[in-house]
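Protein chains: 2
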Amino acid sequence: MQWCRFQLGDEISFGIVEADHVIAIEGTPWGPHTVTARRHSLTQIKILIPVVPPTFYCVGINYKDHIIKSAQRKGIEPIFPKKPDIGYRANNALCAHEEPIIKPADSGETFQYEGELVAIIGKQGKKIPKEKALDYVFGWTIGNDVSERTWQRGDRTMWRAKNADTFKPMGPWIVTDQDYRKMTTIIRLNGKEVDRFATSNMIHDVETYIAEITKYITLYPGDVIWMGTDGMPQNMTAGDVCEVEITGLGILRNKVIAES
Amino acid sequence: MQWCRFQLGDEISFGIVEADHVIAIEGTPWGPHTVTARRHSLTQIKILIPVVPPTFYCVGINYKDHIIKSAQRKGIEPIFPKKPDIGYRANNALCAHEEPIIKPADSGETFQYEGELVAIIGKQGKKIPKEKALDYVFGWTIGNDVSERTWQRGDRTMWRAKNADTFKPMGPWIVTDQDYRKMTTIIRLNGKEVDRFATSNMIHDVETYIAEITKYITLYPGDVIWMGTDGMPQNMTAGDVCEVEITGLGILRNKVIAES
Numbered sequence: 071m072q073w074c075r076f077q078l079g080d081e082i083s084f085g086i087v088e089a090d091h092v093i094a095i096e097g098t099p100w101g102p103h104t105v106t107a108r109r110h111s112l113t114q115i116k117i118l119i120p121v122v123p124p125t126f127y128c129v130g131i132n133y134k135d136h137i138i139k140s141a142q143r144k145g146i147e148p149i150f151p152k153k154p155d156i157g158y159r160a161n162n163a164l165c166a167h168e169e170p171i172i173k174p175a176d177s178g179e180t181f182q183y184e185g186e187l188v189a190i191i192g193k194q195g196k197k198i199p200k201e202k203a204l205d206y207v208f209g210w211t212i213g214n215d216v217s218e219r220t221w222q223r224g225d226r227t228m229w230r231a232k233n234a235d236t237f238k239p240m241g242p243w244i245v246t247d248q249d250y251r252k253m254t255t256i257i258r259l260n261g262k263e264v265d266r267f268a269t270s271n272m273i274h275d276v277e278t279y280i281a282e283i284t285k286y287i288t289l290y291p292g293d294v295i296w297m298g299t300d301g302m303p304q305n306m307t308a309g310d311v312c313e314v315e316i317t318g319l320g321i322l323r324n325k326v327i328a329e330s
Numbered sequence: 071m072q073w074c075r076f077q078l079g080d081e082i083s084f085g086i087v088e089a090d091h092v093i094a095i096e097g098t099p100w101g102p103h104t105v106t107a108r109r110h111s112l113t114q115i116k117i118l119i120p121v122v123p124p125t126f127y128c129v130g131i132n133y134k135d136h137i138i139k140s141a142q143r144k145g146i147e148p149i150f151p152k153k154p155d156i157g158y159r160a161n162n163a164l165c166a167h168e169e170p171i172i173k174p175a176d177s178g179e180t181f182q183y184e185g186e187l188v189a190i191i192g193k194q195g196k197k198i199p200k201e202k203a204l205d206y207v208f209g210w211t212i213g214n215d216v217s218e219r220t221w222q223r224g225d226r227t228m229w230r231a232k233n234a235d236t237f238k239p240m241g242p243w244i245v246t247d248q249d250y251r252k253m254t255t256i257i258r259l260n261g262k263e264v265d266r267f268a269t270s271n272m273i274h275d276v277e278t279y280i281a282e283i284t285k286y287i288t289l290y291p292g293d294v295i296w297m298g299t300d301g302m303p304q305n306m307t308a309g310d311v312c313e314v315e316i317t318g319l320g321i322l323r324n325k326v327i328a329e330s
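Protein chains in written order, with our numbering: chain A, 71 to 330; chain B, 71 to 330.
Hints may contain errors.
Pairs involving identical chains hold if they fit within one copy or between any two copies, as the list cannot separate such chains.
Here are the simulated lysine-lysine pairs, DSBU-like style, with alpha carbons at most 30 Å apart [said to hold, decoys possible]:
#1 LYS193 <-> LYS116
#2 LYS285 <-> LYS116
#3 LYS285 <-> LYS197
Hints listed in this document are in silico derivations from the structure and should not be mistaken for laboratory results.
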């Protein structure tokens, strides 16, 4: 099943996506809701980010190839994380499918995509055992963890390197009843494939992260966990179109534009 | 003026605090709202965290004494941040005035308070000049940035060291029309004063942070910025009561209890 969040006129709703149209619901996909009679063509509506998360979790480094290649670039030995220490991103940075990624005027050349699987939490939980972790995932979407590497290296935190406005495209929708272990992530820059990896090729998998986070932290419906990226991202410049596809989930597409 | 967020039965409202009672409003303090006829004694209501922030910003190290004393403890030279790089905390960790701080079963001895001034954003802004920054602050409240130091040192991020459930007491209410440069922060453990500092004795002040953040990031109404702590926090154990007072704002009081 495919769920989206959309705007038509002034009204914002969640909806069920079927083929070329959406059926509006009242309520939330993961909570009590009723299906309305409002049915719109996908061409009529504006797709919004599929959820405004109460907390926005993000795995920094979770794929071996990405760590090895980043280390090679820096001329250092790769260090793999021994524990699933979760990190955070900020809601201000979220932008929807087909919205522009705005490259700040003073950002540098190493302005890069990172295609990521996103788990969307569907019910509240704490101390969730690993074997039940996926029961707490409502569905999946796609994220692009846009990163400015000069700031990432030079700043004490990743506030602007990864959280400047529009640096976190997410969407286009939430897909349920999919097995993330069977997905492939494909990244295209201006239509050309630049990366492809098995989505589940993680150092610490989704279940491990959920079990570890909830030892100390309550997860709530709508929370998102971005699962990290593999491969070696390339630079993007103004005018570039970046697509992150995850098989079974769809394509998240955003054009880079220069800050005016 | 004093604003709070409170619960009575199943209903959650913002309200105006006057002496020993609260007058409920419909809407938000920083947005369109109407004052209702509902008036309750403060003893009748449950005080909630004064806002659920869209984004939860937090300054890590922003007072010289704190940095010097932390460095002395570790036997290293103090390093002062040259730039106002902002950080983040997580909403799951927020807890209200008089709610317990739950010390996790496997946490260590160095479980500490950090008393902090909290700026609450009242209107949306980007590229805010320093001299107009305080126009975007709706009011002020108090935060306690509870920290587990073993995890803070050993983990790759501060996810559980500073963001475990209940580690972020905030409240009791929001006070407007106060000059933060004239405030004093006082911390008491079991009624005994353990720290006192000029709230404005910051390395980078509130105006500087707001100007810097909004070079890249849009601030939204309800966002909070925790401004860091001074001094050398002491350990808390189960049964301890921690009070953070900021003159003109009130007292944030929380008891530590052991995780059962």
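Right, here's what the structure says about each hint:
Taking the closest pair of Cα atoms, LYS193 and LYS116 come within 30 Å of each other both inside a single copy (27 Å) and across two copies (25 Å). In this homomeric assembly, LYS285 and LYS116 come within 30 Å of each other (Cα to Cα) only across copies, at 28 Å, whereas the closest approach inside a single copy is 38 Å. Taking CA atoms no more than 30 Å apart as the test, LYS285 paired with LYS197 passes inside one copy only; the shortest distance there is 5 Å, against 39 Å between copies.
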